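Going line by line, the protein sequences match chains A and B. Anchor point for the first sequence: position 161 equals 178 in this note's numbering, and the numbering is continuous, going up by one each time. Anchor point for the second sequence: position 83 equals 1035 in this note's numbering, and the numbering is continuous, going up by one each time.
These are calculated hints, taken from the structure and not from any lab test. As the structure is a prediction and not an experimental result, all values here were calculated from the model. Be careful, since some hints might not be right.
If we take Cβ atoms under 7 Å as the criterion, some of the chain A residues that face chain B in the derived model are [stated by the list, open to error]:
1. T97
2. P106
3. L107
4. G110
5. H111
6. D120
7. K122
8. H124
9. T127
10. L128
11. L132
12. A135
13. G154
Derived EDC-like pairs: lysine to aspartate or glutamate, alpha-carbon spacing no greater than 16 Å straight-line [what the hints assert, rightly or not]:
14. K978/B - E1054/B
15. K1059/B - E147/A
16. K114/A - E1090/B
If you want the footprint, here are the derived chain B segments under chain A, 3+ residues with CB under 8 Å [to be verified]:
17. 976-984
18. 990-998
19. 1004-1016
20. 1048-1060
21. 1064-1072
22. 1079-1087
For glycine and all other residues, C-beta sits at the position ideal for the given N, C-alpha and C.
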Amino acid sequence: MTSPISTSNVFWTIWLFVHLILALGLLGALTHQAMAVALPVRQPAGGIVSRFRAVSAPSYATAVCVLWVLTFLVGSFIYTSYRINIRIPLEQGHYFKTGGFFDFKEHVATLGLVLLPAYWFFWKNAQNPEYDNARKGVTLVLAVMCWFLFIVGHVLNNTRGFGA
Amino acid sequence: MSTTVTTPLATGATSATGSALAASSKFKAFATTFSITGPVAYCLTVYMNWPVFTYFPATGRFYWGLEGVQPSRGPNMLWYGWTLTTILIAAALGVIAMMLPERVSRKLPLFLVWLFPILSIPFVVYSLMFWWRLAMQE
Chain A
18 MTSPISTSNV FWTIWLFVHL ILALGLLGAL THQAMAVALP VRQPAGGIVS RFRAVSAPSY
78 ATAVCVLWVL TFLVGSFIYT SYRINIRIPL EQGHYFKTGG FFDFKEHVAT LGLVLLPAYW
138 FFWKNAQNPE YDNARKGVTL VLAVMCWFLF IVGHVLNNTR GFGA
Chain B
953 MSTTVTTPLA TGATSATGSA LAASSKFKAF ATTFSITGPV AYCLTVYMNW PVFTYFPATG
1013 RFYWGLEGVQ PSRGPNMLWY GWTLTTILIA AALGVIAMML PERVSRKLPL FLVWLFPILS
1073 IPFVVYSLMF WWRLAMQE
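Required output: the full structure, derived from the provided sequences and hints.
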């Protein structure tokens, strides 16, 4: 007898794919922004690297907040299945570092979530030099967090995905 | 002639955001306080183990507060509860900051917004010591 769709690997793999797509959008937006604040372009863009840095960074702020929250919510939903179907086999297989890094990832995701109100405020006041350093700092922290979350999630999925 | 003219595109020196929320000093007090106290509240919540609720994924049941692992319920999940506790604490402090006079709330050092999450990382790594100990025993 086949299992209900809500408990099947296909169901969770689709949600994991949605999580991946959202995370990719977030990663791209945050990386653009981080490059724009860390290495601002001084002249009209020439090469591909300069054009990558020469984005209209403030316009990304709301999208980044929405994407972070959506990625967080979808990830939180998948986490319920992970706890039963992935983490227990990981422990049984003695993949303790992998399990530890996933728990590390969940903590970092929450730490990033609570930064969003100030991040949004700083970017929505991008014309105010009073917030320049704080805006640069929080954007770089969020970008590093996002890369960390993405890489850990990717490695974890390679270690044991829902279809494994 | 200097060629180091910062382009509006690169700096994001847009004129206005068009949002009353972004121009509000009350929202500034709330947002910065929320984001500064959030990482501290999260570390405190994890350290004290104060989840608002505990979720048991095997049975799909929620329980208020901290519920330990029981064989009949399967593993428990505290992270959702910790996150909600953190949001509630940070939001409460943010609301208090909104009520303070602007001359007081303006004194909040803004660099703490990015410093506290960085300082939280060593604690988070330490809080996962049971994983690292198991890995070391391999």
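Each hint, compared with the structure:
no., hint, result
1, T97, "4 Å, holds"
2, P106, "13 Å, violated"
3, L107, "10 Å, violated"
4, G110, "11 Å, violated"
5, H111, "6 Å, holds"
6, D120, "5 Å, holds"
7, K122, "10 Å, violated"
8, H124, "4 Å, holds"
9, T127, "5 Å, holds"
10, L128, "5 Å, holds"
11, L132, "5 Å, holds"
12, A135, "3 Å, holds"
13, G154, "3 Å, holds"
14, K978/B - E1054/B, "8 Å, holds"
15, K1059/B - E147/A, "13 Å, holds"
16, K114/A - E1090/B, "10 Å, holds"
17, 976-984, "holds (count 5)"
18, 990-998, "holds (count 5)"
19, 1004-1016, "holds (count 3)"
20, 1048-1060, "violated (count 0)"
21, 1064-1072, "holds (count 6)"
22, 1079-1087, "holds (count 6)"
Violated hints, in rising order: 2, 3, 4, 7, 20; the structure is consistent with all others.
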